[in-house]
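Q: Working from the sequences, and respecting the hints, build out all of it.
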Amino acid sequence: MIEFVNFFIKYFPDLYQGALITIKITAVGLGLGFVLGLPAALLRVYGGKYFRWLAVAYVELFRGTPVLVQLFVIYFGLPDLGVTFSRLTAAYIALGLNSGAYQAEYFRGAIQAIGSGQMMADRAYPAYTRGDNRHLPEQTPFAELLKSTQLGNMQPCPIHCPLFIKYYGNLSVAFQPGNRLNNNFPGHNIPLYLGP
Amino acid sequence: MTKPIIEVKNLKKVYGGREILKSIALTVNEGDTVVIIGPSGTGKSTFLRCLNLLTYPDSGEIWLDGKLINAPGVNQDKVRQHYGMVFQDFLLFNHLTTLGNVMIGLTKVKGLDQKTAKEKAMKELRHVGMQDHIDQYPGQLSGGQKQRVAIARALAMDPRVILFDEPTSALDPELIGEVLGVMKKLALEGMTMVCVTHEMGFAREVADRIVFMEGGVVVEEGDPNEMFYHPKVQRTKEFLWKITELYASSEKNNSRE
Amino acid sequence: MFINILFYILSGVGITLSVIAIALPTGLILGVLLSLIRVYGGTLFSGLAAVYSTIMRGIPHIVLLFILFFVIAGTINLSPLLAGAVSLAIISSGYQLEIFRGAIQSIGGGQMMAARALGMTKLKAIRYIILPQALRVAIPSWSNEVASIIKDSSLVYALGVPEILRRAQFMSASTYQPFIAYGIAAVLYFVMTFLAGRLLDKLETKTKIPCLQLEK
Chain Y
1 MIEFVNFFIK YFPDLYQGAL ITIKITAVGL GLGFVLGLPA ALLRVYGGKY FRWLAVAYVE
61 LFRGTPVLVQ LFVIYFGLPD LGVTFSRLTA AYIALGLNSG AYQAEYFRGA IQAIGSGQMM
121 ADRAYPAYTR GDNRHLPEQT PFAELLKSTQ LGNMQPCPIH CPLFIKYYGN LSVAFQPGNR
181 LNNNFPGHNI PLYLGP
Chain R
1 MTKPIIEVKN LKKVYGGREI LKSIALTVNE GDTVVIIGPS GTGKSTFLRC LNLLTYPDSG
61 EIWLDGKLIN APGVNQDKVR QHYGMVFQDF LLFNHLTTLG NVMIGLTKVK GLDQKTAKEK
121 AMKELRHVGM QDHIDQYPGQ LSGGQKQRVA IARALAMDPR VILFDEPTSA LDPELIGEVL
181 GVMKKLALEG MTMVCVTHEM GFAREVADRI VFMEGGVVVE EGDPNEMFYH PKVQRTKEFL
241 WKITELYASS EKNNSRE
Chain E
1 MFINILFYIL SGVGITLSVI AIALPTGLIL GVLLSLIRVY GGTLFSGLAA VYSTIMRGIP
61 HIVLLFILFF VIAGTINLSP LLAGAVSLAI ISSGYQLEIF RGAIQSIGGG QMMAARALGM
121 TKLKAIRYII LPQALRVAIP SWSNEVASII KDSSLVYALG VPEILRRAQF MSASTYQPFI
181 AYGIAAVLYF VMTFLAGRLL DKLETKTKIP CLQLEK
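Residue numbers (our numbering), protein chains in the order written: chain Y, 1 to 196; chain R, 1 to 257; chain E, 1 to 216.
Careful: at least some of the hints might be erroneous.
Some chain R residues close to chain E (C-beta under 8 angstroms, calculated; not the full set) [said to hold, decoys possible]: (1) L54; (2) D77; (3) K78; (4) R80; (5) Q81; (6) D89; (7) L91; (8) F93; (9) N94; (10) H95; (11) I104; (12) G105; (13) K108; (14) G139; (15) Q140; (16) M157.
For the record, the hints were derived by calculation from the structure and aren't laboratory data.
Computed from a predicted structure; not experimentally measured.
Cβ atoms here follow ideal geometry from the backbone N, Cα and C, with glycine treated the same way.
A: Right, here's the structure in full:
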């Protein structure tokens with residue numbers, strides 16, 4: 001126990017830096033995920049044949065493959081095709097895309113739960129069906145979603161994911177201590193507080 | 001003088017700080033049909049569940065066939081085999097067919113072999129008139145059908161007493177009759193029954209004794225004639241008057257000959 | 001060139017599947033047992049199970065993997081593959097605990113009461129009444145968790161296990177074709193999660209209880 005505390009004190013600055021980065025990545029990841037996920041969900045529920053397919057492809061691709069692999073493709077693979085990102089940017093993109101796919105499903109669930117009833121109301125009141133009808137179903141499910149426990153579930157993913165970044169950069173929390181210590185106490189306590 | 005099957009003395013139960021059962025005494029003789037009536041939330045269901053130890057009483061005595069069943073060290077599961085229970089929301093096992101529901105007690109609790117269990121189950125299903133539905137699942141049955149299967153399930157265990165906890169309260173009015181019909185049949189065949197119900201017509205016709213319970217105590221009890229026409233306690237009068245008025249019209253629809 | 005990369009990475013599929021084949025059933029058994037403790041254990045054990053679930057779900061998988069791996073490998077002499085798979089099972093059991101807990105609770109307390117009214121012991125009731133229903137109800141959520149395990153198997157590359165991602169990494173470094181290498185890896189994982197999802201959908205249809213009504 002005492003060695004745990006000593007370890008923590010000694011490496012605190014590193015852990016602290018790592019924690020900051022973790023928070024940054026989480027925030028950007030969630031934000032980007034929202035920006036991608038909501039439109040994707042809307043496309044999937046309301047879009048025409050081709051747009052819907054696009055949304056489905058995006059969601060299935062990014063939910064059906066490991067985040068780590070996505071990260072590697074973006075950071076290591078894309079330079080092969082001429083597109084290079086910094087470590088941090090690659091992290092933002094990969095986590096954003098991944099989170100977006102999951103958020104799209106949550107939003108889709110919320111929309112579908114509320115949607116059909118609202119759409120029927122729209123049909124009955126034609127004033128709503130031109131252009132405005134996007135707003136009507138959108139507001140309620142969003143509120144529903146915020147209340148729903150689903151949102152709580154989403155947190156862990158972007159927080160868990162930054163930890164992967166360690167392998168190609170001493171960016172995130174876990175790697176530094178893991179590197180210096182070959183027994184079982186990496187800096188797990190910080191993610192634990194950030195997590196649930 | 002028939003020996004009482006059930007004797008309850010001074011039963012008490014506290015739930016969440018409230019005394020639900022203050023001091024209940026009851027005697028049930030073999031072949032009796034005892035109907036417990038009273039306003040909702042006054043402990044009638046709790047009392048019923050104490051009888052078969054689904055809810056364990058805090059103090060008092062419950063005697064079944066001359067044995068004290070709420071003593072420490074008594075095997076509660078074995079005790080429950082002597083009771084059958086029929087619930088307000090049926091509580092059939094959803095993953096089993098009608099036949100499966102009736103058989104499972106026989107095979108898994110009593111340890112009978114498949115053949116014997118099936119015969120007994122079919123017998124009880126015929127008894128309640130559900131023999132044509134043996135391969136259907138509870139989700140495919142109507143409320144009245146479900147409840148009849150539930151009764152068959154209870155009967156299959158050859159219980160000493162069957163406890164009915166508001167068996168028709170969750171049913172559509174048109175379906176109440178078929179269930180009451182089965183219950184009436186059982187009563188006439190001499191089954192010992194303790195029923196909590198609001199069906200006054202049934203109580204009047206079939207009960208050997210009616211117990212009016214309120215506020216965790218027995219307010220009054222007596223045979224149907226006394227209770228309905230010459231109640232002694234004022235509160236009993238009030239309650240019965242209100243209930244009978246309310247159910248007078250639906251009784252006409254429910255009585256099944 | 002492409003074919004070389006492909007075949008080399010494909011040879012990792014067997015390893016990946018082994019990891020999954022160990023982690024999945026172990027996690028399932030552990031998860032179901034723990035969920036039973038969570039629902040039917042007394043206040044103490046139920047609370048412990050809750051803590052277990054919070055820890056497993058609150059810490060990033062890769063961090064947990066390292067912790068568990070070092071603990072396990074430090075005490076017993078297991079290969080990285082086994083130790084990694086067992087660690088994954090332990091992590092997954094935290095999620096599966098919650099899945100089955102939800103399923104059991106949605107079946108409702110009434111089923112247990114009715115079973116006991118027949119004279120069944122709690123154990124018998126769990127085995128013959130609760131679990132048959134809960135397991136079926138849990139299949140959709142569980143299939144999500146299966147996909148999770150398949151994807152998390154990529155994490156054990158960090159322990160040196162020569163599964164798909166590790167091989168992709170090797171190929172990427174030796175052939176300077178990272179996009180192809182990692183792209184193939186991505187496709188392989190996708191195919192696995194897709195097939196698993198389909199299989200479980202079939203299972204759900206086959207075992208469906210007609211017209212089941214659940215409590216929320």
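Q: Now tell me, hint by hint, if it's right for this structure.
A: Evaluated hints:
1. L54: Cβ of R:L54 sits 6 angstroms from chain E, so the hint holds.
2. D77: Since the shortest Cβ distance to chain E is 5 angstroms, the answer is holds.
3. K78: 7 angstroms, holds
4. R80: 4 angstroms, holds
5. Q81: 4 angstroms, holds
6. D89: Holds - the Cβ of R:D89 comes within 8 angstroms of chain E, reaching about 6 angstroms at its closest.
7. L91: 4 angstroms, holds
8. F93: Nearest chain E Cβ about 6 angstroms off; hint holds.
9. N94: Hint on R:N94: holds, closest Cβ of chain E at ~5 angstroms, below 8 angstroms.
10. H95: For R:H95, the interface hint holds, since the closest Cβ of chain E sits about 5 angstroms away, which is under 8 angstroms.
11. I104: Given a least distance of 7 angstroms, the restraint on R:I104 holds.
12. G105: Since chain E brings a Cβ to about 4 angstroms from R:G105, closer than 8 angstroms, the hint holds.
13. K108: At about 5 angstroms, which falls below the 8 angstroms cut-off, the nearest Cβ of chain E leaves the hint on R:K108 intact, so it holds.
14. G139: 2 angstroms, holds
15. Q140: 6 angstroms, holds
16. M157: Holds. Min distance 6 angstroms.
In the structure shown, no violation is registered for any of the earlier numbered hints.
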